[in-house]
Amino acid sequence: AQSVTQLGSHVSVSEGALVLLRCNYSSSVPPYLFWYVQYPNQGLQLLLKYTSAATLVKGINGFEAEFKKSETSFHLTKPSAHMSDAAEYFCAVRLFGNEKLTFGTGTRLTIIP
Amino acid sequence: GAVVSQHPSRVICKSGTSVKIECRSLDFQATTMFWYRQFPKKSLMLMATSNEGSKATYEQGVEKDKFLINHASLTLSTLTVTSAHPEDSSFYICSASSQGATDTQYFGPGTRLTVL
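Order-wise, the sequence lines are chains X and V. Position one of the first sequence corresponds to residue 1 (my numbering), numbered consecutively onward. Position one of the second sequence corresponds to residue 1001 (my numbering), numbered consecutively onward.
These are computed hints drawn from the structure, not numbers from a lab. Watch out, some of these pointers could steer you wrong.
[Unchecked claim] With a cut-off of at most 20 Å between alpha-carbon atoms, the simulated PhoX-like pairs for lysine-lysine come out as follows:
| # | chain 1 | residue 1 | chain 2 | residue 2 |
| --- | --- | --- | --- | --- |
| 1 | V | 1042 | X | 100 |
| 2 | V | 1064 | V | 1020 |
| 3 | V | 1055 | X | 100 |
| 4 | X | 100 | V | 1020 |
| 5 | X | 58 | X | 69 |
[Said to hold, decoys possible] Far from chain V by the CB rule (all over 12 Å, computed), these chain X residues:
| # | residue |
| --- | --- |
| 6 | 12 |
| 7 | 14 |
| 8 | 41 |
| 9 | 45 |
| 10 | 55 |
| 11 | 56 |
| 12 | 86 |
| 13 | 105 |
| 14 | 113 |
The C-beta atom is built at its ideal place from N, Cα and C for all residues, glycine as well.
With the sequences and hints as input, model every part of the structure.
Below, the structure written as structure tokens:
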């Protein structure tokens, strides 16, 4: 079975500062990993995904994530936070050949002006 | 591309009535659609997976007679909450994938259901 753990249910950063949202996964086989963003009362929007190609994945809105097998991590980063980045972020894992996404518990990102 | 819509966005109903929520893939054919439920300040819980023309596969603990799912076409899936009760109040989100269920899932904007 696969699972993801998101460390920190709430993260606050100043506008212009580095954003780092942590995600660790557990999987018996190489996983596919995803980051989604959810704005209030909206569905989820795909930020980026790792599907066993390049370990550094670039997504939309300036976000990127690096797959580190040795650390079983897939942390999400953005060099400079913008007010519009305030949202809930979900890390998710899926195994190759398996249709089900397993989500982490989410991290609420607050941007301080 | 890869736009998924849901209708309605919000619905309020009385206890004991049934509510239908539609999920549509607007610019692609969705061979597989998923229905999730999200409780306040919580993550998404997969309720069921549906493939076009087939019966839905429900997750353990989800009442299939209460949450009826129909996936009659490659662009439309519906979730009907039958005999709704206040504990069914939640945010329901659908997602859709093309080229098989293992493709990327694209999510709809969600439906807020409130049962009085």
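Here is what the structure says about each hint:
1. 1042/V - 100/X: Holds, at about 18 Å.
2. 1064/V - 1020/V: holds (14 Å)
3. 1055/V - 100/X: holds (17 Å)
4. 100/X - 1020/V: Not satisfied, since the Cα-Cα distance of roughly 24 Å exceeds 20 Å.
5. 58/X - 69/X: At roughly 17 Å apart (the allowed maximum being 20 Å), residue 69/X and residue 58/X satisfy the hint.
6. 12: Nearest chain V Cβ is 16 Å from residue 12/X, so the label holds.
7. 14: Since the minimum Cβ distance to chain V is about 24 Å, residue 14/X lies beyond 12 Å and the statement holds.
8. 41: violated (7 Å)
9. 45: violated (7 Å)
10. 55: At roughly 18 Å from the nearest Cβ of chain V, residue 55/X sits farther out than 12 Å, so the non-interface label holds.
11. 56: holds (19 Å)
12. 86: Per Cβ check, residue 86/X is outside 12 Å of chain V; nearest 15 Å; holds.
13. 105: violated (5 Å)
14. 113: Correct as stated: the minimum Cβ-Cβ distance to chain V is 24 Å, above 12 Å.
Hint compliance for this structure: hints 4, 8, 9, 13 are not met, and every other hint is.
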